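Enquirer: Chain residues, written in single-letter form:
There are 2 protein chains.
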Amino acid sequence: MAGPQTPLSERILKGDIRALARACTLVENRVPESAAILKGVFPHSGRAFTLGITGSPGAGKSTLTSALIAELRSRRQRVAVIAVDPSSPFSGGAILGDRIRMAAHHEDPGVFIRSMATRGALGGLAPTTHDLALLLDAAGFDWILIETVGVGQDEVDVARLAQATAVVLAPGMGDDVQAIKAGILEIADVFVLNKADQPGAARLEQDMHEWPRPLVKTVATSGEGLPELCQALESIRATLPPLRAQAHWDYRLRQMFAERVVARLDPELVAQAVRRVAGRECDPYTIIEEWLKV
Amino acid sequence: MAGPQTPLSERILKGDIRALARACTLVENRVPESAAILKGVFPHSGRAFTLGITGSPGAGKSTLTSALIAELRSRRQRVAVIAVDPSSPFSGGAILGDRIRMAAHHEDPGVFIRSMATRGALGGLAPTTHDLALLLDAAGFDWILIETVGVGQDEVDVARLAQATAVVLAPGMGDDVQAIKAGILEIADVFVLNKADQPGAARLEQDMHEWPRPLVKTVATSGEGLPELCQALESIRATLPPLRAQAHWDYRLRQMFAERVVARLDPELVAQAVRRVAGRECDPYTIIEEWLKV
Numbered sequence: 007m008a009g010p011q012t013p014l015s016e017r018i019l020k021g022d023i024r025a026l027a028r029a030c031t032l033v034e035n036r037v038p039e040s041a042a043i044l045k046g047v048f049p050h051s052g053r054a055f056t057l058g059i060t061g062s063p064g065a066g067k068s069t070l071t072s073a074l075i076a077e078l079r080s081r082r083q084r085v086a087v088i089a090v091d092p093s094s095p096f097s098g099g100a101i102l103g104d105r106i107r108m109a110a111h112h113e114d115p116g117v118f119i120r121s122m123a124t125r126g127a128l129g130g131l132a133p134t135t136h137d138l139a140l141l142l143d144a145a146g147f148d149w150i151l152i153e154t155v156g157v158g159q160d161e162v163d164v165a166r167l168a169q170a171t172a173v174v175l176a177p178g179m180g181d182d183v184q185a186i187k188a189g190i191l192e193i194a195d196v197f198v199l200n201k202a203d204q205p206g207a208a209r210l211e212q213d214m215h216e217w218p219r220p221l222v223k224t225v226a227t228s229g230e231g232l233p234e235l236c237q238a239l240e241s242i243r244a245t246l247p248p249l250r251a252q253a254h255w256d257y258r259l260r261q262m263f264a265e266r267v268v269a270r271l272d273p274e275l276v277a278q279a280v281r282r283v284a285g286r287e288c289d290p291y292t293i294i295e296e297w298l299k300v
Numbered sequence: 007m008a009g010p011q012t013p014l015s016e017r018i019l020k021g022d023i024r025a026l027a028r029a030c031t032l033v034e035n036r037v038p039e040s041a042a043i044l045k046g047v048f049p050h051s052g053r054a055f056t057l058g059i060t061g062s063p064g065a066g067k068s069t070l071t072s073a074l075i076a077e078l079r080s081r082r083q084r085v086a087v088i089a090v091d092p093s094s095p096f097s098g099g100a101i102l103g104d105r106i107r108m109a110a111h112h113e114d115p116g117v118f119i120r121s122m123a124t125r126g127a128l129g130g131l132a133p134t135t136h137d138l139a140l141l142l143d144a145a146g147f148d149w150i151l152i153e154t155v156g157v158g159q160d161e162v163d164v165a166r167l168a169q170a171t172a173v174v175l176a177p178g179m180g181d182d183v184q185a186i187k188a189g190i191l192e193i194a195d196v197f198v199l200n201k202a203d204q205p206g207a208a209r210l211e212q213d214m215h216e217w218p219r220p221l222v223k224t225v226a227t228s229g230e231g232l233p234e235l236c237q238a239l240e241s242i243r244a245t246l247p248p249l250r251a252q253a254h255w256d257y258r259l260r261q262m263f264a265e266r267v268v269a270r271l272d273p274e275l276v277a278q279a280v281r282r283v284a285g286r287e288c289d290p291y292t293i294i295e296e297w298l299k300v
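Residue numbers (my numbering), protein chains in the order written: chain A, 7 to 300; chain B, 7 to 300.
Derived from the structure by calculation, the hints contain no laboratory data. Since the structure is predicted, the reported quantities are computational estimates derived from the model, not experimental observations. A portion of the hints provided could be inaccurate.
Put simply, identical chains are the same to the list, so a pair is met inside one copy or across any two.
Pairs of lysine to any residue residues, derived as SDA-like cross-links and limited to a Cα-Cα distance of at most 20 Å, are as follows [as the list claims (entries may be wrong)]:
id	residue 1	residue 2
1	Lys-299	Glu-265
2	Lys-45	Arg-266
3	Lys-45	Cys-288
4	Lys-299	Arg-270
5	Lys-299	Ala-42
6	Lys-223	Val-196
7	Lys-45	Gln-278
From just these sequences and the hints, can you work out the full model?
Expert: Pasting the structure below:
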């Protein structure tokens, strides 16, 4: 039996949820020992379906995520959620009704919810999020839902690194929000027209006709449209282009490399360079060329 | 006289606006020759005041920026604007009224407006934005306003790299928007309570009392409060902590180094690694360790 002396990676692979939660914390804090854990679980990853769920604040992403969990659980799928949306009840920013809806999932052992406590430093959110997804994948979850707010580049990157991305839209949002949405439409594999029972839904559906992606209408609060959404997602999963995994790793490897290289810079060397540049003694571009020569 | 054969950096220093616009494009596209331009202008930078203007969509950032330009012009200041907010009329995403307000500035030679045409790849928006700010600084603009939407980490980074940051708030925005705002409150050097004539302004002002930062009330559409805002900004400028410049360069140097190191990776080496990782032959963490040894 796996005891507390057993490496965390082994305990995770055996389904130990406490070990998984502990490993998530280590990975999120980027402590050195997290590398061994990630290496240990890596060969056992690659089976989960990683879905980015993004959209403007107010589109009902969290309620939809919650409804999707319920639908997937009814299909006996194990579901993990990583919430990187600061306005999401999964992340702690919540209105009461949403919190109550979440509570049910928190008691279900087939559901694991993790919110990103900290924003990424240099390199952004994406690396940590995807190391977490790797852990959850190896731990045997069938679906990994990554909820982000689709506004910043960083959040879009997180969603883009998922195997597929659902963009949640809703009628009756202001022009400002519409403008912001533009940047995320292109990363969608499927559109979810949530709050489909509200005024303006037909108009929004018509507006979205030009985009060559499937659109599923839902009312997340009542569960309406969720079976159809699951079906659409399963169909996307079944036809994922194999090149997407390669593009994913191409991006990830470059990002990981950048992060490590910067972490290895000599602090004294950096401090000295900072003083020279801030004092306009030397330009930063020449400094970087010097560093690259070492 | 500076002719077309004169290096761009010299022409920029002499106030040649066409040369400046051309250099902005080169820097934004990250072409190799942009390094020489940036090196050439660097010793002449450091005089402008770089102000990040951020806030939720709908707070009226663009109208405020436009009003601030007018106020600064009346004080004979030369003003450059870098717009990285996708919903901003400066960036092209506009409603008609805003566009008309902008048009006046476009014809004023003391105003230079540049919108970020592309989102940054690896490393984000911040590096390019701040290379642009350096150009504009060396070109002799007194103020550089960087307008971003304060939602993503990337946008917050852009604002943070400015010498000071104004966070624009407005009454009557939904709870969702309020939640998003939380992350940007802490980077504010000054709060601008815009739309101060609208219901809820007094309540919002009260809510903001706990934050130890000055708050200026404005009605950007009428110009009300703009002289007071300028005064608050001048006062911030006069008392900037010298360590802020050092923190700026510390972050920038690490970021620039990461970007260059990744750009120098052998594409064939990367492609091979990608195939091995995607095929689960080798974990990515071991690959990165190998790369670091070279």
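Enquirer: How would you classify Lys-299 and Glu-265 at a CA-CA limit of 20 Å: within, between, both, or neither?
Expert: both (19 Å within a copy, 15 Å between copies)
Enquirer: For the identical chains here, do Lys-299 and Ala-42 meet the 20 Å Cα criterion within one copy, between copies, both, or neither?
Expert: Only across copies: Lys-299 and Ala-42 sit 18 Å apart there, 31 Å inside one copy, limit 20 Å.
Enquirer: Please work out whether the CA atoms of Lys-45 and Gln-278 approach to 20 Å or closer within one copy, between two copies, in both situations, or in neither?
Expert: Between copies, since 19 Å is at most 20 Å while 36 Å is not.
Enquirer: What label fits Lys-223 with Val-196 when the C-alpha limit is 20 Å: within, between, both, or neither?
Expert: within (11 Å within a copy, 43 Å between copies)
Enquirer: When no copy is specified for Lys-45 and Arg-266, does a C-alpha distance of 20 Å or less occur within a copy, between copies, both, or neither?
Expert: within (16 Å within a copy, 27 Å between copies)
Enquirer: Checking Lys-45 and Cys-288: alpha-carbon separation at most 20 Å within a copy, between copies, both or neither?
Expert: Close across copies (9 Å), not inside one copy (41 Å); limit 20 Å.
Enquirer: Measure nothing new, just compare the shortest in-copy and cross-copy C-alpha distances for Lys-299 and Arg-270 to 20 Å and report within, between, both or neither.
Expert: Both, since 15 Å and 12 Å are each at most 20 Å.
In summary, the structure agrees with every hint in the numbered list given earlier.
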